[in-house]
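Participant: The chain contents come next:
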Amino acid sequence: MIQMQGVVKRFGAQTVLDGVTFTAHDHEIFGLLGPSGAGKTTIINILTHQLDCDAGEHHIGVTSQETGVMLEQDGLFARLTCLDNLELFATIFALPRTRPTEVLASVGLEQAARRPVSALSKGMRQRLALARAVLNHPKVLFLDEPTSGLDPLTARGIHKLIQDLRDDGSTVFLTTHNMDEAVKLCDHVILLNKGTIVEQGTPQDICRRHNAMKTVPDLEAVFIEMTGDELE
Amino acid sequence: MNNARAVFVKQLRDIVKNKAVLLQYLVMPVMALALTQLVAKPSGGAIPVTMFVSMFTAIFVGMVMPAATTGAIAEDRERGSLRFLVMAGVKPVDYLLGVGGVILATGTVVLVAFGLMGGLTPSQFGRFIVMTLGGGVASVLLGAVVGLLAGNQQAATAVVMPISLVFGFGPMIAMFNVTTGKLLAPFYTMQMSATISNIDAPMGKSALIVLANIVVLLGLFVLDYKKRGLRA
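Protein chains in written order, with this note's numbering: chain S, 1369 to 1600; chain U, 3 to 234.
Quick caveat, the hints were computed from the structure, so don't treat them as lab data.
Note that beta-carbon positions come from the ideal geometry of N, C-alpha and C, so glycine has one too.
Don't take each hint at face value.
[What the hints assert, rightly or not] Covered by chain S, per the in silico footprint, the following chain U stretches (three or more residues, Cβ under 8 angstroms): (1) 5 to 18; (2) 222 to 228.
[What the hints assert, rightly or not] From chain U, some residues computed to sit far from chain S (all C-beta separations above 10 angstroms): (3) 26; (4) 40; (5) 46; (6) 88; (7) 89; (8) 91; (9) 92; (10) 111; (11) 123; (12) 155; (13) 157; (14) 167; (15) 184; (16) 203; (17) 216; (18) 218.
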């Protein structure tokens, strides 16, 4: 279970998170939605111990060895091959030698195993970053904008992988700008605006509360109503 | 040690694909060989045979090795790769041993080449390697301090350049200017160069100064790390 209780984070005079409280339950896909600068990435950075908060409490209930992370900046080693990148982390996590090849195949990159990362397309890099995030069979997986800037086909492949991970028992913590993605994937979402949670629940419940249930839940309408921002 | 080994393998794979670093590793010994063969040896003793070896060894240890260490750390920070290693549980000492170990190991190959060029006897060769390896350790620490200090590669280059110019070129200028030699006496590259130039003289004092440099740089690294950490 991932929990934040009254978390406050300031950068100088600017308050980026102001009393953020939520609970993400095990084995669900938990969506964190909000406009740019709302504080989504800051929440991931705090939960993954890259940043300290100024007030409040948080925990994810697992060790760093049981966590997988995919951030907007992929952090891949550009001169190394796809396989080299995964082998590095497989050694750190003391995983079987076959695991990197297995994970590369699961994201459809087995043919690119020996290619350097610098020669990959953006979509391939995203898939490799996801492969690295799931390499250690994480109990909690943090995904920051996992399909940002990808073509629909690649995005669909990543959606399928995320759902499979949830079905296999992982808890997925996802940030996204894409409301369709949130409705399609998330069991539970929170809407963050200017460092404060303005709405939370299942996508269907939120849309019902805001009379945005058309033929499908229109989370985008709720997003615009609650944040006053158009989507980017 | 498993994590240090993993980082070592990663860095080794990276350095053999990094043409810019490989070029720097090649240029100094090639220059020393060419000038020794074409200038020093035909001079009939007017120019000592070890002069160019001493000069370029100091430049290699004082400039190339710190720059390579700084570049590796700054690149990992700038690309966000370092944060993934830290999140996976790689400790600073593991990272420093892995990255620094590769710079030192590959640097040793070049230092052996320098030693062989000098036409040294086995005991002189041993003294040469001990002294230059001591300098190499100091240079890796110097590079690590700058790498932590600088937020990105551009800043790292801007900081490491003037420092390594003093450490690398200082001993060469000291060959022609006694005052410079006195001023630079507390620096490890100066002592290293002096020992190589007069390889049969007692080297106890020089070795102590190199050791003192290592202790000071290690202290700076620890302070720098406590202040900035390895966070990207």
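Participant: So which of the earlier hints does this model not fit?
Facilitator: 2, 6, 7, 8, 9
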